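Chemist: Sequences and hints are given; from them, build the entire structure.
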Amino acid sequence: DAGVIQSPRHEVTEMGQEVTLRCKPISGHNSLFWYRQTMMRGLELLIYFNNNVPIDDSGMPEDRFSAKMPNASFSTLKIQPSEPRDSAVYFCASSFQLAAELFFGEGSRLTVL
Amino acid sequence: AQSVTQLGSHVSVSEGALVLLRCNYSSSVPPYLFWYVQYPNQGLQLLLKYTSAATLVKGINGFEAEFKKSETSFHLTKPSAHMSDAAEYFCAVSTSGANNLFFGTGTRLTVIP
Chain A
1 DAGVIQSPRH
11 EVTEMGQEVT
21 LRCKPISGHN
31 SLFWYRQTMM
41 RGLELLIYFN
51 NNVPIDDSGM
61 PEDRFSAKMP
71 NASFSTLKIQ
81 PSEPRDSAVY
91 FCASSFQLAA
101 ELFFGEGSRL
111 TVL
Chain B
1 AQSVTQLGSH
11 VSVSEGALVL
21 LRCNYSSSVP
31 PYLFWYVQYP
41 NQGLQLLLKY
51 TSAATLVKGI
61 NGFEAEFKKS
71 ETSFHLTKPS
81 AHMSDAAEYF
91 CAVSTSGANN
101 LFFGTGTRLT
111 VIP
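Residue numbers (the working numbering), protein chains in the order written: chain A, 1 to 113; chain B, 1 to 113.
To be clear, the hints were calculated from the coordinates, so they are not data collected in a lab.
Keep in mind it's a predicted model, so treat the numbers as computed, not measured.
Accuracy of the hints is not assured; some may be wrong.
[As the list claims (entries may be wrong)] For lysine to any residue, the following SDA-like pairs were computed, each having C-alpha atoms within a straight-line distance of at most 20 Å:
1. A:LYS24 with B:GLN45
2. A:LYS24 with B:GLN42
3. A:LYS24 with B:ASN99
4. A:LYS68 with B:ASN99
5. A:LYS68 with A:GLU44
6. B:LYS49 with A:ALA99
7. B:LYS49 with A:GLU101
8. B:LYS49 with A:GLN97
9. B:LYS58 with A:GLU101
Modeler: Here it is in structure tokens:
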């Protein structure tokens with residue numbers, strides 16, 4: 001079975017550029033989560049969706065970050081403009097009915113120069 | 001609000017030795033507790049979960065954890081460490097589901113041959 005699929009796996013960009021990270025959740029899962037992982041702050045929940053609707057975006061750092069889920073099989077996390085402090089690994093995870101067993105993708109490692 | 005504390009950010013054991021990773025939780029209501037494992041350059045994977053059934057929970061790869069309410073602990077153990085167990089381990093707590101899942105700061109396990 002296909003797990004959570006994220007792209008790109010690695011992204012290197014320059015400060016001020018737009019970054020778009022993509023996620024395909026596991027088929028049949030109706031909850032999707034975006035996390036950020038850094039050495040300093042560990043794992044932080046940025047936003048989550050239930051049935052394609054954003055439920056809680058209180059973890060989104062600032063207005064430069066936005067996330068969408070146009071359908072049950074696709075979500076994006078966009079950073080515009082990007083800054084060096086956004087450098088991190090961004091994980092997408094999905095679950096069924098907000099069950100606490102999360103299935104994580106392999107992450108997108110973002111480096112902003 | 002709930003939280004978890006993982007004691008020891010780094011643990012080293014010899015191959016074949018007992019693995020003990022410590023986790024203490026704080027929760028005002030009966031919690032759900034989890035251990036996740038993260039191998040290098042991968043996402044998190046569920047090892048085991050406690051959901052108020054048996055207090056001794058067995059997971060994948062020979063790991064188990066025991067829920068001790070009196071000690072507010074959920075320590076992870078494995079009788080004999082294998083080189084392939086080298087990874088980062090995260091304890092997590094929830095009171096209702098993935099929308100309020102809180103992760104600890106992680107413990108990096110090193111296995112010495």
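Chemist: Determine for every hint whether it applies to the structure shown.
Modeler: Now the hints, each set against the structure:
1. Our distance criterion of 20 Å between C-alpha atoms is met by LYS24 (chain A) and GLN45 (chain B), whose separation comes to about 17 Å.
2. Proximity of LYS24 (chain A) to GLN42 (chain B) is assessed by CA-CA distance (about 16 Å); at most 20 Å being required, the pair is judged to hold.
3. A hinted pair counts as satisfied when its Cα atoms are at most 20 Å apart, and LYS24 (chain A) with ASN99 (chain B) qualifies at roughly 19 Å.
4. With a C-alpha separation of about 17 Å, the suggested pair LYS68 (chain A) and ASN99 (chain B) falls inside the 20 Å cut-off, and the hint holds.
5. Taking the CA atoms of LYS68 (chain A) and GLU44 (chain A), the gap is about 18 Å. The hint holds against a cut of 20 Å.
6. Of the supplied pair hints, the one linking LYS49 (chain B) and ALA99 (chain A) holds, its CA atoms being roughly 12 Å apart against a limit of 20 Å.
7. For the given pair, LYS49 (chain B) sits about 8 Å from GLU101 (chain A) by alpha-carbon distance, which is consistent with the 20 Å threshold.
8. Among the hinted pairs, LYS49 (chain B) with GLN97 (chain A) is consistent with the structure: their alpha-carbon atoms are about 17 Å apart, no more than 20 Å.
9. Proposed proximity of LYS58 (chain B) and GLU101 (chain A) is supported: the alpha carbons are some 15 Å apart, at most 20 Å.
When each numbered hint is compared with the structure, no violation occurs for any of them.
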